[in-house]
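Engineer: From first to last, the protein sequence lines stand for chains A and B.
If you use the numbering used here, the first sequence corresponds to residues 1 to 141, in order.
If you use the numbering used here, the second sequence corresponds to residues 1001 to 1141, in order.
Among the hints, erroneous ones may be present.
EDC-like, lysine to aspartate or glutamate: derived pairs with alpha carbons at most 20 Å apart [as the list claims (entries may be wrong)]:
id : chain 1 : residue 1 : chain 2 : residue 2
1  : B       : Lys-1125  : A       : Glu-107
2  : B       : Lys-1106  : A       : Glu-124
3  : A       : Lys-106   : B       : Asp-1118
4  : A       : Lys-89    : B       : Asp-1078
5  : A       : Lys-33    : A       : Asp-87
6  : A       : Lys-130   : B       : Glu-1050
7  : A       : Lys-134   : B       : Asp-1118
8  : A       : Lys-125   : B       : Glu-1042
9  : A       : Lys-130   : B       : Glu-1029
FYI, nobody ran anything at the bench for these hints, they're computed from the structure.
Keep in mind the model is a prediction, meaning the values are calculated, not measured.
Number of protein chains: 2
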Amino acid sequence: MNAQTINKIKDLLEKHGIQPSYQRIKIMEFLYKNKNHPTIEEIYNNLSPEIPTLSRTTVYNTIHLFNQKGLVSVICIDEKEMHVDPDVKPHIHFKCIKCGRIYDIKEPAEVFSWDSIDGHIIYEKEIFLKGICKHCKNESI
Amino acid sequence: MNAQTINKIKDLLEKHGIQPSYQRIKIMEFLYKNKNHPTIEEIYNNLSPEIPTLSRTTVYNTIHLFNQKGLVSVICIDEKEMHVDPDVKPHIHFKCIKCGRIYDIKEPAEVFSWDSIDGHIIYEKEIFLKGICKHCKNESI
DNA sequence: GTATCTGCAAAACATTTGCAATTCT
DNA sequence: AGAATTGCAAATGTTTTGCAGATAC
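Take the sequences, apply the hints, and build the full model.
Structural biologist: What follows is the structure, encoded as structure tokens:
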């Protein structure tokens, strides 16, 4: 991994008022390299070999901080585990019920343009689709 | 509660291949009287006085069975607890981040008419909105 | 009389919390 | 030195599982 990437991430964090600690930089770097909506466990398992002292607590802390500062969004698409998405622009998520993969869908949805409905003020919008993805469809028996 | 209601629920359960046990009838009755997306805990707490032997396990078992048979849908709108919705027709949910209430939104969404996207087959569609509801908005300081 | 349903107790599991040790500036 | 960050260990809270007793057909 090159120094230029690290510096870009450092700048990004500082611009959002986040102290760029080693752990935070590595976690953000991992998110940008793995846009497959990893879970906390996946982030932890992947970075553990390189950062042997890393704890799950730090991953949780860091993701909460990133989420709070608007750097990532946390998606709770059923199941029990939360997934981390470095793309904070509103978009549709499709989850395959066979392989578990989560896909980003670029298709626009009018819901994303609403800022209120029935008198309620809208701050967050999520569209979750579930089914069989194009890969699993073709692998069927 | 009248015998007519019980019979309607019995018929409904039997029509879906579900043995109409006392617990199942009471849980379904509760769901039809309380359309506010109750949690397992709320169902359990409300029925416990009337059915002292009721266990959380039975509520879980029953809701999973109902869900499997298409009688209710289970919604996981962030947080940790699941909510039960006796309305299985696709519709938008709005959750107030202040009071926690979940509202059904009647507004149509084009997403609900899709049955595939980007080559993926869609079986389930969920739209979750979050913000401040019209009641909390007016109660603000 | 056999299959199904119920419910207790324990397990599983993701996430949070308290706090002490470490690391930055 | 002082403030922020890290990470261990324990707690929390929801859901699941194993199994024995009760109930229904």
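Engineer: Any of the earlier hints contradicted here, and which numbers?
Structural biologist: Hints 6, 8, 9 not satisfied by this model.
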